[in-house]
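Undergrad: Residue numbers (the working numbering), protein chains in the order written: chain V, 2 to 338; chain S, 9 to 243; chain Z, 34 to 470.
Since the hints were made in silico from the structure, they are not lab data.
Within a straight-line C-alpha distance of at most 30 Å, the following computed DSBU-like cross-link-like pairs (lysine-lysine) qualify: (1) V:Lys109 - S:Lys63; (2) Z:Lys337 - V:Lys109; (3) V:Lys189 - S:Lys136; (4) V:Lys289 - Z:Lys241.
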Amino acid sequence: MENLANALVVLSNFVIIPALAYGSQLALGALGVTIIVAVLRFSNFAHGELMSFGAMSAVFAVWVLQWLGISIAPLSTALLALPVAIVMTVAIALLTDRFVYRFYRVRKADTVVLLIVSIGVMLAMAGIIRFAIGPDDRVFDDGVRFIISVADFKALTGLKEGLAIRTSQAITIVMAVLCVGFVFWLLKYTRIGKMMRAYSDNEDLALLSGVNPDQIVRWAWVLAATLAAIAGTLYGLDKSFKPIVFQQLLLPIFAAAIVGGLGSPVGAVAGGMIVAFSEIALTYSYKKVATYLLPEALQPDGMLQLLSTNYKYAVSFIILVAVLLVRPNGLFNGRPS
Amino acid sequence: MTAFLSGTNMVGGYGVVDILRGCTIEVESGQVAVIVGPNGAGKSTGMKALFGMLKLRQGTVTLAGEDITALTPQARVAKGMSFVPQTDNVFASMTVEENLEMGGLTQREGVQDTMAQIYDLFPVLKEKRYQPAGQLSGGQRQQVAVGRAMMTRPKVLMLDEPTAGVSPVVMDDLFDRIIDIARSGVAVLMVEQNARQALQIADRGYVLVQGENRYSGSGPELLRQEDVRKSFLGG
Amino acid sequence: MTQRWQGILMYAIMAVMLALVGIIQGWSNALGILNLCLISAIMALGVNIQWGYAGLLNVGVMGFAALGGLAVVLVAAAPVPEALAAGGAGVMWAALIMAVTVVVAYGVWKLLPPSTARAWALVAVAAVGSVVAGGFYFPATDAIEAVDPSLQGYLGGLGLPVLVAWVVAPLLAAAAAWFIGKIALGLRADYLAIATLGISEIVVVTIKNEEWLTRGVKNVVGLPRPVPTEMEVRVMSGFDRLVAWTGLSVNELSSIVVKLGYTALFAAILCALLFLFQLALHSPWGRMMRAIRDNEIAASAMGKNVTRMHLKVFIIGSAIVGLAGAMLVTLDGQFTPGGYQPLRYTFLIWVMVIVGGSGNNWGSVFGGFLIWFCWVQAEPVGVWLLESATAWLPDGSGLRAHLLNNASQIRLVLMGAILLVALRFMPRGLFPEKTGV
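Sequences are here, hints too, so could you generate the full structure?
TA: Encoded structure:
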């Protein structure tokens, strides 16, 4: 019994909790991607940079706050900086829409053209971010590191294995639940949310019904950018802020959005969790878990690791390929392909 | 004195070729007008022209005596016109009730009352109000589409082939509802493939050929004319 | 006619710019840029056949280029017999078992009806196959990597002439393109973009981590060359007379001669490809491709199998990119997996195609030249601009140091801006596609 408990603790500590936190970050990112697909009808390759921009704004705001001596200890200053990050990110998203994307929307350009345009935005934004803050790694979490540390947990339960819950992980999960709940409430019950869904479902009919497309597009960017800023900041808080990482996150985020079904908000959240859990579960070494569950004679020599952590992005790719082969519209049927 | 909604001498098309070549379509409040004709005669195009979804090179559209030729479709909705497209005429992923709500977006008040009236008109919709419209049968979906269009409390209701792909029984029922709508004071204009049945309920009928009025008159009158029967109704 | 003269004029200006670099920064330098321009132009041709002819989005250009580079290692690197003896058999077994696994999985997929049971059966087959293959693979690769790790530690290649790799590289890239195209073509257009992004990430991660195959970040150096080395050139008969005649230093001249050798090779291939592609573009096949691009629905209504045609084009384009990747590694004489950045260079190629003119081969080639030239020259120019712009700041200024430190990032902004400006104000590029021909 105690062995089982120990095994579960190890699993929670190294797989479940990290995957929940990472999945929350991916879900928020994928939700933003999917909203843009649903309303503006193109895959926004610049979404990773939008997240990066949000995180960068948060880092700058944290520096200013720290310099001013403002803090909300024991919580991280980044939480206080988050509203600033959101405002900045929404502003940059609306500006790019006004000066870049709108031109193509008005001319009803092909979705592929918009995709390439978003690539241009991505390059420019990546350059600006690296120019502003530099390409290096930056840790900006200044709050209390742990809610429960390994030592506390062991003392509390008397188990041999410890469970640590980092503050940043807890914040991430709580924030993600709040954000996802808010977005779903907005889409389901508010006038603007219903209008967005109607516009996404059937643009012509929505226009006939008196939906104002400019308003819908603006709201889509506000939502996507807000989610991006939160996701980026949370990711930076949980790990660290490094501009290049957000380019690498593009694949898992799109994989998540496609697994769930591009354009489907529920799908984006589910997809984020699926990708995160697969990635971490497949690259985790189960040796320690096995020591508790298997009798001594059956103990394996190897690491019991299915895939080296170097290949974590391959997991997204495999999931993506599987979905495209079996169910190209995603698990939660978005718009038909 | 022109009719309540009137498109006079309309000329226009999509590219360089004119599809409408001087056709005139009118409908009075409380009446049903039906446009019939062979494929490619410009029936749907005429309807779209009246609704502002097509730029006219010549001719005028008036509503209650006011020239609305230059207005956008959205502006015409605000003026009390409503349109049910032939295909993709519901929000498939949204519930019946949400579809109706979307129809009522432009209304400031009385949305609930209007919705209740529509549920009275189409009781089955009330039953299925929380189901996504995409899961309904073809006939029910047409009812949702008509219901959505009625949510603006329009003075003119325009329907593009409302009975396409529904069974004869459902068609009769739908026509009955459309008459009900007209009798409540709305001007109803529709394009129909099922010409014979449609003309039977028509206060006014137009037979369009190659973008021009070939015959017009009350529905029963047209049905009595032998050459109309021969050429367009199959004998 | 005016369009043709405009084109010739632009190529002439490009030549003058390269000549200016030769005069100001030295001819060896200019030839170095020219050689990379030629390779860029070939990559751009590959992307153009995909995007310009068929409207297909390949976001994984660097992945295909890396596969081409890998081909050079596999074909031309010196074999390492000790490593082969230590782990060759194990790797072969692992590969064989994986192949069998794939065949069995395919059989399960085809034979069983779609069901949850089938999904689990597939998972089981994959799991068993991977575990068994892993049993051979891991000891074998460990053994290979243990063979003289500081110098070798990998299987090595076949030791064949490097030009053979230029044939193998396109095939390798084509195989990857077939795989990804089979999966993602015929679906939404953006799926192909994301799938290609995925495959390029995988390729790059693999070549970085599979040390037994590529030495990973330890790089494979000393790959054989298709032209003589500088040292060999120096002892050639008549070289000293050439030195006397040109008045250049021995170092400079030998380097110029070697680079000219590469230039000749690359230019020959570029010309051949350009000729073939022009022929294809004006053939009935080319016209059909463009018809499909412009109106997919009408084309499929005419009974054309659009997905099949797209697959062909996608494979051809990727093969060309693979070839260019092999040429790049050949030019460097080394394979440096750490240097492949999936996104950054991919989009450089995209900028080339779009600025040059989508669908126009001459335009893509010109775009390859122009954009590579700008990319190389943007860094010194950017640093110089920033230095001048921040000259008023005090010497020890942290802001100034920060700006100068990150000056190289300006290039990214520049490329993004060029792409956006080109798309907006010149969507048909410098060399617009001739329509109605």
